[in-house]
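This is what each chain is made of:
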Amino acid sequence: MTEQSPSRLPAPRIAPAIASTTDPHLDITDVTKNFGTQSVLKGVNLSVAKGGTTAIVGPSGSGKTTLLRLIAGFEHPDTGSIGLNGRQVAGNGAWQPAHKRHVGYVAQDGALFPHLTVGQNIAFGLDHSALDGGRRAVRARVAELLEMVSLDAAMAKRRPHQLSGGQQQRIALARALARKPELMLLDEPFSALDAGLRVATRRAVANVLNEAGVTTILVTHDQAEALSFADQVAIMRGGKLAQIGNPFVVYTRPADRATAEFLGDAVILDAWMEGSLATCSLGGIPVRRPPAQGAVQLMLRPEQIRIAPDGPIRGVVVDTDYFGPETTVRIRLAPKSTAASDHRFPGGGEVITIRHWNASITKPGTELCLRVVGEGVAFPVEN
Amino acid sequence: MSTVPSASASQGSTTTAGKGKRPRPPFGVPALSVTAVLIALFSLLPLGYVAYMTAATGWDTAAGLIFRPRVGELLGNTILLILFTVPLCVVLGVGGAWLVERTALRGHRVWAVALAAPLAIPAFVNSYAWISAVPSLEGIWSGVLIATLSYFPLVYIPAAAMLGRLDPAIEQSAASLGLGPWAVFFRVVLPQLRIAMTGGALLVALHLLAEYGAFAMIRFDTFTTAIMTQFQSTFNGTAGNMLASVLVLFCLGLLVVEVRSRGTARYARIGSGAQAKATRLPLGAFQLPSQLALLALTVLAFGLPCWLVLRWVLLGGSAIWDAAEFIPALLQTLGYGLAGALVTTVVAFPLAYLAVRNPGWFSKTLELSNYVTSSLPGIVVGLAFVTISIRLLPGVYQTSGLLIAAYVLLFLPRSLVNLRSGLAQAPKELDEAARSLGKSPWVAFLKVTLRLSAPAAAGGAALVFLAIVNELTATLLLSPNGTSTLATEFWSKSSEIDYSGAAPYALLMILLSAPMTYLLFQQSKKVAGQ
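Chains as they are written, first to last, in the working numbering: chain A, 187 to 569; chain B, 33 to 562.
Worth double-checking, as some hints may not be accurate.
Calculated cross-link-like contacts (lysine-lysine; reagent style PhoX-like; alpha-carbon spacing at most 25 Å) [unchecked claim]:
#, chain 1, residue 1, chain 2, residue 2
1, A, Lys286, A, Lys343
2, A, Lys426, A, Lys366
3, A, Lys366, A, Lys236
4, A, Lys286, B, Lys479
5, B, Lys471, A, Lys343
6, B, Lys557, A, Lys366
7, A, Lys549, A, Lys522
8, A, Lys286, B, Lys471
9, A, Lys343, B, Lys396
10, A, Lys366, A, Lys343
11, A, Lys366, B, Lys396
12, A, Lys426, A, Lys228
13, A, Lys236, A, Lys426
Please keep in mind that the hints were generated in silico from the structure rather than gathered at the bench.
Bear in mind that the values here come from a model prediction, so they are computed numbers and not experimental data.
Based on the provided sequences and hints, a complete structural model is requested.
Rendered as structure tokens:
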């Protein structure tokens, strides 16, 4: 379940959100993959429970698509092994080619066959002889699948190029679902869609896969998509999985600073750790399971920092960006007072970014009182 | 001749790499690579032959044969021919394309096809039509006239395709920066046509170097006609070989000049979103002169030759339709055309597949080797095959297999360019999608990759067919005894000044070429994304 601790990264300290099942659907062990001299995967371990939804999220070039292609069977791993339903499909001398794995795959642009109609696309993977009733059964199954992805049955006669991007993605999903795969791989299927359509299509796809009870792995570079789609998020960086956990855990308790910053905006402050209390320019903040004592870096999410009617922590608004429902406010915290020039009170004068709904109280130059809600996460100081 | 007269030749490489930049060899690459290397080595035979012959002759003999007044005269003729014909073709081709694509020319749809139509008339048929009407035609000016009328579509087609694809937003930006319509044309539109113009000009120049029939008919001596004369008198003389090596040097020089002048700039559309439709410049008072100019050009290049051929057919009456003569010629032409087209497509497939699925220096080198060969004149390839087969494999000399092999080398790029764009329509993602849907690699290849590239392969095969039907030089050199094709029959009749006897063959060649020319024209538009 958990990633083996990579040498330079701190070990994930957070307990996995999903307990290791004794019967994982997909089991990836120590997989590496090089392309020429370039090492793309440097030892990946991942296990996915039956019926679960896992998102692999990482910046482009982190190796996440390669991992998906290894699972699909389009590539061979250099070392390590991949097991599906307890059976070795790659590694340790075993090899099962893509067409025998029974794994659904939806590519970024849908990869619909341009020479076939929508109906023929969906029926492409169906074994016609295995279906009772021949052609009519195929047509019925196509209609059923179209309905499953909320598209009109009349669409079967259209050509892929006559469809919108979102419709193409749903057809690609229907095509992959036709063979009733137990594992579905989605390779950034929503990234080509525009913002509004992306959310709607993502929700529709998630519902369909949920109802069908298909184990799903989504690859994406969009952290919001990963957090909202999956019940297990794996963060990939530099060919390794930096952290695996449920969305809430990885967002609120990231394993390291890079993960924290990748998953969302983060306020990082120098702090002094004593016991389970970190002291910084925002005052004393509780930290669960501190990694070290003394000098640390403290991570807070911007939404944890609120504007209060009064209080000891003060800052002056530097500038703001107005977004309508909310405003991004950059605040310079009060400088360190000379009296407290103690190594146990580091920081002072930092500029932090928070968000607030009321633009009228955040005029530049205004002094605001601040208050921190919840716990912070401490990281050892990077040298 | 050789290379493909379409905008596709000027396309940049169309790789379909996935999201990663990492090379991922597709399945079956090692076996394909071996095949492709063998094909490339085979296609280097003519070049190797010329180099070997030049080296074996020895410097003194070679110099004696090369530095003599006769060669100087041929060189002067060839250079003058190129210097006059190429600029004329570029002016007519680009001007015609601009009128058709960018101005409010009445009937521009009809003109668009009419300007490509002269390509359906082989140059030697054009020459025959003119000389049968004006027997006094000869020398450089007649050569320039006939060559220009025959070859300007080679510039027109890519230029029109490119103009149709140019993003009008660029021109509008130029206008908003204060440029008038003429300034916009010369400073913005014309530079973007550079690839089409240099590519088209190279094709015209290579055709000029390779053409035998058209110039022999009007008694205008170029390297190719001189080599043919040498070959007919001494069969395999050193003098002919030396002329051939000068001709090859000339060709290679042209290739280098074209690569240099093409530059490294890419003229791609930047940004996304739908492209606006181009606005057409109102012609106003120039409408009538433009119509008259295009009419004159089309009449001279297409109407007149067609009418003259028809006139000879009518004059000849039923006597010239000797079934015993022209039916075998027609059948043999069709046979060679179909066989050559099929073999060329099959041979081109591994090269195209490697170039699209596994792009890199390896596939580039392979492509370059047969690109160079196919720009060599048919006479050089013919000469090389004659000599090599007689010396090494006497059994294959004057067999139809050898002739088809020569066709393959000469016309491979026509098929290759088409197959490449066809395979680009079948990215490996589709292949993988098929495999993830439970199809084995072979079934996925057949049902997706092969199926999707089939129309392009057929288009390429049609172009090879067209080229073979109109091929004269290599066919004269290599065809088995007793072979008669439309081109060779036409040639022997018209050489005997039997103009009406030759007319049916000319007519048949034009009729066979017409649909292919239309296909080529359509294809150039499609490649340009219209």
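Going through the hints against the structure:
no.: 1; hint: Lys286/A <-> Lys343/A; verdict: violated (29 Å)
no.: 2; hint: Lys426/A <-> Lys366/A; verdict: violated (31 Å)
no.: 3; hint: Lys366/A <-> Lys236/A; verdict: holds (14 Å)
no.: 4; hint: Lys286/A <-> Lys479/B; verdict: holds (17 Å)
no.: 5; hint: Lys471/B <-> Lys343/A; verdict: holds (23 Å)
no.: 6; hint: Lys557/B <-> Lys366/A; verdict: violated (43 Å)
no.: 7; hint: Lys549/A <-> Lys522/A; verdict: holds (23 Å)
no.: 8; hint: Lys286/A <-> Lys471/B; verdict: holds (8 Å)
no.: 9; hint: Lys343/A <-> Lys396/B; verdict: violated (41 Å)
no.: 10; hint: Lys366/A <-> Lys343/A; verdict: holds (22 Å)
no.: 11; hint: Lys366/A <-> Lys396/B; verdict: violated (43 Å)
no.: 12; hint: Lys426/A <-> Lys228/A; verdict: holds (6 Å)
no.: 13; hint: Lys236/A <-> Lys426/A; verdict: holds (23 Å)
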